[in-house]
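Undergrad: Starting from the known structure of chain B, arrange chain G on it as the hints suggest.
Keeping their order, the protein sequence lines are chains B and G.
Counting from 647, one number per residue, gives the positions in the first sequence under this note's numbering.
Counting from 647, one number per residue, gives the positions in the second sequence under this note's numbering.
Everything labelled a hint here was simulated from the structure, so no lab data went into it.
Careful, some of the hints might be misleading.
For chains that are exact copies, the list does not tell them apart, and a pair is met inside one copy or across any two.
[Claimed, not checked] Subject to a maximum C-alpha distance of 30 angstroms in a straight line, what follows is the list of computed DSS-like cross-link-like pairs (lysine-lysine):
(1) Lys1225 with Lys1178
(2) Lys703 with Lys785
(3) Lys1325 with Lys1279
(4) Lys1129 with Lys1189
(5) Lys1085 with Lys803
(6) Lys785 with Lys1008
(7) Lys1008 with Lys736
Protein chains: 2
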Amino acid sequence: MLVKRFFLFGLLLLSVKLFCFGQATWIGYPGDYDIWLGNNVNNRRTERGAFFPPFWKMDSHYVLVEFSKEFDLKAPEEIRLYVEGRYNVKLDGKLQNGAPSRMMLPEGKHVLNIKVHNQACVPTIYVEGKTVVTDSSWKVTFEDKEWIDESGKASDKSATIYMNAAALNFNSPEQRPSLFKLSQVAMSPLSITETGKGTLVDFGKETFGYVTFHQLRGRGEVCIYYGESREEALSVDACETLDKIQVNSDNPEELTLLDSKAFRYVYIENEDSVRFENISMKYEYAPLDYRGSFRCNDEEINRIWDVAAYTLHLTSREVFLDGIKRDRWAWSGDAIQSYLMNYYLFFDTNTVTRTINLLRGKDPVTSHINTIMDYTFYWFMSIYDYYLYTGDLHFIRQIYPRMVGLMDFVLGRTNAEGMVEGLSGDWVFVDWADGFMDKQGELCFEQLLFCKSLQTMALCAGITGNETDEKKYTVLSNALFSKLETYFWDTQKKAFVHNRKGGMKSEQVTRYGNIFAVLFDYVDDEKKQAIKKNVLLNDSVMKITTPYMRFYELASLCALGEQPYVTKEIKTYWGGMLKLGATSFWEKYNPAEKGSEHYAMYGRPFGKSLCHAWGASPLYLLGKYYLGVSPVKPGYEEFSIEPSLGGLEWIKGSVPTPYGDIRVFMDKKTIKVVSPGGKGYLVFSSKSVPQSSQGKIERLGNSRYRLFLEGDGNEFVITLEG
Amino acid sequence: MLVKRFFLFGLLLLSVKLFCFGQATWIGYPGDYDIWLGNNVNNRRTERGAFFPPFWKMDSHYVLVEFSKEFDLKAPEEIRLYVEGRYNVKLDGKLQNGAPSRMMLPEGKHVLNIKVHNQACVPTIYVEGKTVVTDSSWKVTFEDKEWIDESGKASDKSATIYMNAAALNFNSPEQRPSLFKLSQVAMSPLSITETGKGTLVDFGKETFGYVTFHQLRGRGEVCIYYGESREEALSVDACETLDKIQVNSDNPEELTLLDSKAFRYVYIENEDSVRFENISMKYEYAPLDYRGSFRCNDEEINRIWDVAAYTLHLTSREVFLDGIKRDRWAWSGDAIQSYLMNYYLFFDTNTVTRTINLLRGKDPVTSHINTIMDYTFYWFMSIYDYYLYTGDLHFIRQIYPRMVGLMDFVLGRTNAEGMVEGLSGDWVFVDWADGFMDKQGELCFEQLLFCKSLQTMALCAGITGNETDEKKYTVLSNALFSKLETYFWDTQKKAFVHNRKGGMKSEQVTRYGNIFAVLFDYVDDEKKQAIKKNVLLNDSVMKITTPYMRFYELASLCALGEQPYVTKEIKTYWGGMLKLGATSFWEKYNPAEKGSEHYAMYGRPFGKSLCHAWGASPLYLLGKYYLGVSPVKPGYEEFSIEPSLGGLEWIKGSVPTPYGDIRVFMDKKTIKVVSPGGKGYLVFSSKSVPQSSQGKIERLGNSRYRLFLEGDGNEFVITLEG
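For reference, chain B alone in the conformation it holds in the complex (with noise of 0.2 angstroms):
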């Protein structure tokens, strides 16, 4: 396990760092990739055996690239070329004849130049010699302006936008990126039942992948039912999908189907024509490691966990996927959640760089992301997560430029008042509800969101060295924010109002913005506990069914330090959907529906999702909450553990860094921590004087006390009872 974690380590130091030395990788423009492989996923979803692509503008890669190095060799080296499209190679200018697979470099200072085109998959080449390898080192434009003039003397190319290479981790020539595929393990059922015409095989769980059938023969039509509940399979005139295959002949005796689909059961009606013997599954799944872990005392609350880890799992896959069975996008407001989570289970980052790029897509920007104005905003928040999380500047310094131009897209659209409203062709989502929710006007909660993003671009540029940018995100982040209060603080209800319309405050309060408000820190204390009695605590604001919008109601009563009252939701919520059989958590949850009532969404009968990223919240709860682990400086240089019990007995669990991993104990007498590296602040309570195994404790008042860890896998044993 520890060689394990430590190739893992390497991994992410390779993906984070700019520079990586004698390794080489496939390389391609930076974002091309993942959108060319985005679109190969998007476009999995089916409905009832018809392809649904997007509603959204769907990129395309680059389809001609330039990529150059220039080298400086102290003996000549031959190279090996690995090309995915046509290609061209100069050295020092001159074209090369054909195009060679190898070459000798010369020694001394060279531009080695290969210009390469690919209309169906995503240019990309993989470089191999001693010292000259494809690596993000290299130099990558989509128009070199290279011309000629009449006597043969090539243009400068001062004008000419280079970026450095984004390295795709494929580290050989065979692992080609346009042939890359997650991994695949067979499956066997639970349990395959002669079921009214039919047969119905049931695989135990929520599960994701490709059935195969054994002892396939004869001729005629199989039809394939998939139910993520069993009267979804069953019902073959509204299950969401569906295969329908003609056997002959020619098909192999075990035969897998092509496309993926997510369900617990399968129903299959065959004619009598055909007959098989068996049937499994290849599941198909990101190899990712566990690195994030949580335990404690209370096993329903493990459950949960564990249910969650499976259900991030089943939607972490070659980008971060909504829902698997019926959804299968990627959206942004699903995304932020999946990439929180994924910092305290997975740490893995270029499932998070990919969606992000997959999700922004290219100029121009013609609508908000997902044609969502809040998707459009949590896009901009997850930019600086990720960069807090990892502290991958490689990343904001490439990705700054499309958030430019998706801001400008958005300053394009704000009213006089500088503030957004939904104009046509804008989707105001905020949440699914149960209940009527005024879309109309300036919503505080939109308002907040754009806020925060505005205080996102000018950190983005503060940290690029865009200082007129920074300059000038910051006046208008601050002009907003002026104006929060005044336009949406409600000083009888004490709360912040849903939204504003004809410049008039509206009556109604919603919890959304008031969510914000806390996590965002951006009220006083007194507002925030007014919010918490008024709001968050008031079963008379319409509640919130989707655990989507439950991440940030409990993650701001976290906030507030009421960790003991979100345990119990916690069990009541996510515990409540394991008594309804859940084995991954579900699109929404509203305990007071019934029966197959839980199923239907959309009109439809089985329209939910029963395995939802945005159902997985726990993980980032507990992990940021209860084991209270969270970055200072950006990729953990420095961190805070702030471990919190929340009314339980013990707690221990891991939190991964690019270090290493955090672990975390605690019960009522004892904590212990161990940092991999870093500089962390371990901050705790404590009735008594708390005694430290090394290190000194630092006392910050009213039973608050601070720890300093330093050290690479030092372990700290704090005892609490005096």
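TA: Just chain G now, with coordinates in the frame of chain B:
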């Protein structure tokens, strides 16, 4: 021939008119197929066996497109669907199972939607029913923005931008757009001779296509060196294009090479272990009708017209190419001349719009077209030319947003004077010149083209009903126009100077700006005469040595009534190339050069293209200024014929229009014209009172007369001697 003409006329109407009934055709997103096909063409350039793609941004088609059609049927009807790509079908918003290849449409009003994904090729569809057929009345979008809320209600799509689909003029299910190929016909060589270590094959004239080996046997390497000249083919180390193939027992005995090349000569060196008995080639060509014609008493001029027509035909391919040997890319400055010549020869509209779409590409605009400032301006100008010749308002509407986008790019790069200068990354081309040409500061030539482009924007804004834009561009063009004489006219030299640097007029006078001031009618008659004397007919001003700029130079002289002078120039310049053995016209011709100097360019001994579209300008000059035919209102709804003998005894010929061909004959005593439709004006001079076979001749004064031409196919015979 008449039938053929009518057929062509029908095709024209099909492509020019917005709505056509009954005939199904493959449809796609406007411009996308042109970009995709054009990319394929641009990627066929090779240099000594190496792939040689462009240095500018290569765009991609929209990979996901939604087609829709509202229909109202009196009776149910079955449609068949043919699709390039993966697709789904909705009827009245309801997704159909799977991907139907046929379906019944119910009677009454309904909506059909077909959504197609294709990354490698362009998403296109062909639907054929009794009345419901794919044509340009179908709507198309790259983002339908149709989402559903939790109740299943679909969003309103009022903000979705729909375009009319592009009819691709492939009119049967089998003619899949992605499979389109130009026509081919086998051609035998004029001679095959053993030369040096190999075999020299002479095809007798410049040609284009694929070399075929007959009775090819053995095993080993065969090297094929191409030459537009004998010298080039024999120069195995310096010829511009070559192929190397490995022959083995798997090869068919008759082997046609996969890549097309341009050549007259082919020199083949093969290993002794390989033998072949014969060589031929497959000539590849666009199947275009020679509608325009020109004949006169001077056989050299007739030969020039024929070679010019052949040159244009060789370079008129899927798009209009600059040259067929080395360059093989679409270039805007070259293309506008091809378009203008095409209006006097083929009158093929598809290749014009395809090239315009390819050149423009997609947003965002990141550089000038082909990176060349002047080429951006020619692009704007070519669009109004196209409208004037064809009357295709539908295309203007479709391209207008992209015109605005490109002009925004230009306006973002003007200096404090509102003028354009070459900024970093801009190629200020103007012309290849044998002598120093300053490219710094504000070039008079570039400002003239910019001004004309702004006027074009105003015109097209007006045509498409964008009043605000029309005003904006009128103000901008007027502002620029008002500065032209002040800033560039030298009152001493009585000519426009070449440029202005640091606010100072330069001393150099070149032909470029002066030519366009005359052509654009930007100066009064006095200044025109001064330009003629001081610049155009002044040998001390740097001479033009490309047919490219001679096109405009001679056109401006024709506009000044100097046809007799131009006739001599045509005979000297183009006749000069013929005397050197040209079988197609060249990229550059400097009569002062000797022998193999004529083949050299770009610092390479055979760098010059001996078949360059811009070499074919006599087609335009003779059609427009000798036969004298030009449109007055869009699509020849009104036209003028102002024939000129230019010192010849007699001339005759035809000029294609959307109504059919205008025919003109003239000698010193007679003018005969046949008008196929539209309203025409014949304008001519006569020393004595002329007589007409029909219609009433109007006297304009100063020996000038006018005759109104009406009716379809009427011949008017005018007797000039009293």
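Undergrad: It remains to establish, for every hint, whether it holds in the given structure.
TA: Here is how each hint holds up against the structure:
In this assembly of identical chains, Lys1225 and Lys1178 lie within 30 angstroms of each other by CA distance solely inside one copy; the values are 29 angstroms within and 95 angstroms between copies. For a Cα distance limit of 30 angstroms, the shortest separation of Lys703 from Lys785 qualifies both inside one copy, at 28 angstroms, and across copies, at 16 angstroms. Proximity of Lys1325 to Lys1279 under the C-alpha cut-off of 30 angstroms is restricted to the intra-copy arrangement: shortest distance 9 angstroms within a copy versus 78 angstroms between copies. Taking CA atoms no more than 30 angstroms apart as the test, Lys1129 paired with Lys1189 passes inside one copy only; the shortest distance there is 27 angstroms, against 68 angstroms between copies.
In this homomeric assembly, Lys1085 and Lys803 come within 30 angstroms of each other (Cα to Cα) only across copies, at 17 angstroms, whereas the closest approach inside a single copy is 50 angstroms. Both within a single protomer and between protomers do Lys785 and Lys1008 lie at most 30 angstroms apart by alpha-carbon distance, with minima of 19 angstroms and 24 angstroms respectively. For the homomeric pair Lys1008 and Lys736, the shortest alpha-carbon distances inside one copy (29 angstroms) and between copies (28 angstroms) are both at most 30 angstroms.
Checked against the numbered hints listed earlier, the structure breaks none of them; every hint is satisfied.
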